[in-house]
Amino acid sequence: MNNKIALVTGGSRGLGKDMALSLADKNIDVILTYNNSKVEAEEVVAEIKSKNQKAAAIQFDISQMNSIDPFLNNVREVLKNNWETDKFDFLINNAGVGATIPIPQVTEEAFDNLMNIHFKGVYFLTQKSLPMMNDNGGVIFISSGTTRFCVPGYSVYSSLKAAVEVFTKYVAKEFGSRGIRANIVAPGAIETDFNNAAIRNNPQMQTFLASQTPLGRVGRADDIGSVVAFLCTPESKWINGQRIEVSGGINL
60 MNNKIALVTG
70 GSRGLGKDMA
80 LSLADKNIDV
90 ILTYNNSKVE
100 AEEVVAEIKS
110 KNQKAAAIQF
120 DISQMNSIDP
130 FLNNVREVLK
140 NNWETDKFDF
150 LINNAGVGAT
160 IPIPQVTEEA
170 FDNLMNIHFK
180 GVYFLTQKSL
190 PMMNDNGGVI
200 FISSGTTRFC
210 VPGYSVYSSL
220 KAAVEVFTKY
230 VAKEFGSRGI
240 RANIVAPGAI
250 ETDFNNAAIR
260 NNPQMQTFLA
270 SQTPLGRVGR
280 ADDIGSVVAF
290 LCTPESKWIN
300 GQRIEVSGGI
310 NL
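In our numbering, the protein residues as written are 60 to 311.
To be clear, the hints were calculated from the coordinates, so they are not data collected in a lab.
Please note that the accuracy of each hint is not assured.
To be verified - Simulated restraints on C-beta separations:
no., residue 1, residue 2, range
1, Ala269, Pro129, 29 to 37 Å
2, Asn261, Pro293, 39 to 47 Å
3, Val210, Pro293, 29 to 37 Å
Said to hold, decoys possible - In the EDC-like style, the derived pairs of lysine to aspartate or glutamate whose C-alpha atoms are separated by at most 16 Å in a straight line are:
no., residue 1, residue 2
4, Lys85, Glu106
5, Lys63, Asp120
6, Lys85, Glu294
7, Lys179, Glu168
8, Lys85, Glu224
9, Lys63, Asp194
10, Lys187, Glu233
11, Lys296, Asp194
12, Lys232, Asp194
13, Lys113, Asp128
14, Lys108, Asp84
15, Lys63, Glu143
16, Lys228, Glu250
17, Lys179, Glu106
18, Lys187, Asp128
19, Lys187, Asp145
20, Lys63, Asp84
21, Lys179, Glu143
22, Lys113, Glu143
23, Lys146, Glu136
24, Lys179, Asp128
25, Lys63, Asp281
26, Lys85, Glu102
27, Lys146, Asp194
28, Lys113, Glu136
29, Lys97, Asp120
30, Lys110, Asp84
Idealized CB from N, CA, C, for every residue including glycine.
Work out the full structure: start from the sequences and follow the hints.
Below you can see the structure in the form of structure tokens.
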């Protein structure tokens, strides 16, 4: 039996890296994308191969709409050359950037860039990937705890994530006839280099966020990847159209 194959955007570092490695631990092969971090991406590929899974890395900038078609052509080539197939099983829409911009300071340029990365790019990558996916696979989107509670400066980012939460349900509804499930994972505050490592580099913020979380700490990358990987296994076969918050119960 052939291994399942997952495509993870933004899989070279942070949450995406842990998702890719967690998928490999579930015996799922991985194609990961990177924007600038080629060396880091190749290191993740090597680590996945050390787990006896196949892996490949492809450059992709989701903020550029005209890059989606060429990127998927590259995916087809990699699938053919590395797996002798033209289909993959799971799409994990993880790539993203952080930005803390109070409403009075939001420019149209910043808005459009965040929209392209977090919603428009995700929408059309998903639309164009679904014909390349096997039946009975899945799409996983990444949201944020900040669609449930407000963090000042996140008005654009969180609004776009809320749009993706609605889109998730539509993907589940419209592609369920193919056995394709769609779910969205919403991390809380995580210690990574996201948003210029705003949490990791700020002990006071870490202490405050930990105090708001019943489990008494901020999140780590490895708190998220295992949940994403679980959603790509048969054990999660009846979970569909759901927002799953993975935040340690912050701000209950």
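Hint-by-hint comparison with the structure:
Taking the beta carbon of each, Ala269 and Pro129 are about 43 Å apart, not inside 29 to 37 Å as hinted. The supplied range of 39 to 47 Å is met by Asn261 and Pro293, whose beta-carbon atoms lie about 40 Å from each other. One distance hint, 29 to 37 Å for the beta-carbon pair Val210 and Pro293, holds here, with the actual separation near 36 Å. Simply put, Lys85 and Glu106 have alpha-carbon atoms about 14 Å apart, close enough for the 16 Å limit, and the pair holds.
Distance check on the hinted pair: Lys63 and Asp120 sit about 25 Å apart at the alpha-carbon level, beyond 16 Å; violated. Between Lys85 and Glu294, the direct Cα distance comes to roughly 11 Å. Compliance with the 16 Å bound is thereby established for this hinted pair. With a C-alpha separation of about 15 Å, the suggested pair Lys179 and Glu168 falls inside the 16 Å cut-off, and the hint holds. Restraint check: the Cα-Cα separation between Lys85 and Glu224 comes to about 26 Å, which exceeds 16 Å; the hinted pair is violated.
With a CA separation close to 12 Å, the supplied pair Lys63 and Asp194 stays within the 16 Å bound. Proximity of Lys187 to Glu233 is assessed by CA-CA distance (about 14 Å); at most 16 Å being required, the pair is judged to hold. Taking the CA atoms of Lys296 and Asp194, the gap is about 13 Å. The hint holds against a cut of 16 Å. Proposed proximity of Lys232 and Asp194 is supported: the alpha carbons are some 14 Å apart, at most 16 Å.
Restraint check for Lys113 and Asp128: the C-alpha separation of about 24 Å exceeds 16 Å, so the hint is violated. A hinted pair counts as satisfied when its Cα atoms are at most 16 Å apart, and Lys108 with Asp84 qualifies at roughly 11 Å. The hinted pair formed by Lys63 and Glu143 meets the criterion: a straight-line CA distance of about 13 Å does not exceed 16 Å. Annotation: proposed proximity of Lys228 to Glu250 is violated, straight-line Cα distance about 29 Å (limit 16 Å).
A distance of roughly 31 Å separates the Cα atoms of Lys179 and Glu106; the hinted pair therefore is violated under the 16 Å criterion. Our distance criterion of 16 Å between C-alpha atoms is met by Lys187 and Asp128, whose separation comes to about 8 Å. At most 16 Å may separate the alpha-carbon atoms for a hinted pair to count; Lys187 and Asp145 meet this at roughly 14 Å. About 12 Å separates the Cα atoms of Lys63 and Asp84, which keeps this hinted pair within 16 Å; it holds.
Taking the CA atoms of Lys179 and Glu143, the gap is near 31 Å; set against the 16 Å cutoff, the hint is violated. Proximity of Lys113 to Glu143 is assessed by CA-CA distance (about 12 Å); at most 16 Å being required, the pair is judged to hold. In summary, the hint linking Lys146 to Glu136 is supported, as the alpha carbons are separated by about 11 Å, within the 16 Å threshold. A distance of roughly 14 Å separates the Cα atoms of Lys179 and Asp128; the hinted pair therefore holds under the 16 Å criterion.
With a CA separation close to 21 Å, the supplied pair Lys63 and Asp281 exceeds the 16 Å bound. The suggested pairing of Lys85 with Glu102 is violated, with an alpha-carbon distance near 19 Å, which exceeds 16 Å. Taking the CA atoms of Lys146 and Asp194, the gap is near 10 Å; set against the 16 Å cutoff, the hint holds. A hinted pair counts as satisfied when its Cα atoms are at most 16 Å apart, and Lys113 with Glu136 qualifies at roughly 15 Å.
Restraint check for Lys97 and Asp120: satisfied, since their Cα atoms lie roughly 12 Å apart, inside the 16 Å limit. Simply put, Lys110 and Asp84 have alpha-carbon atoms about 7 Å apart, close enough for the 16 Å limit, and the pair holds.
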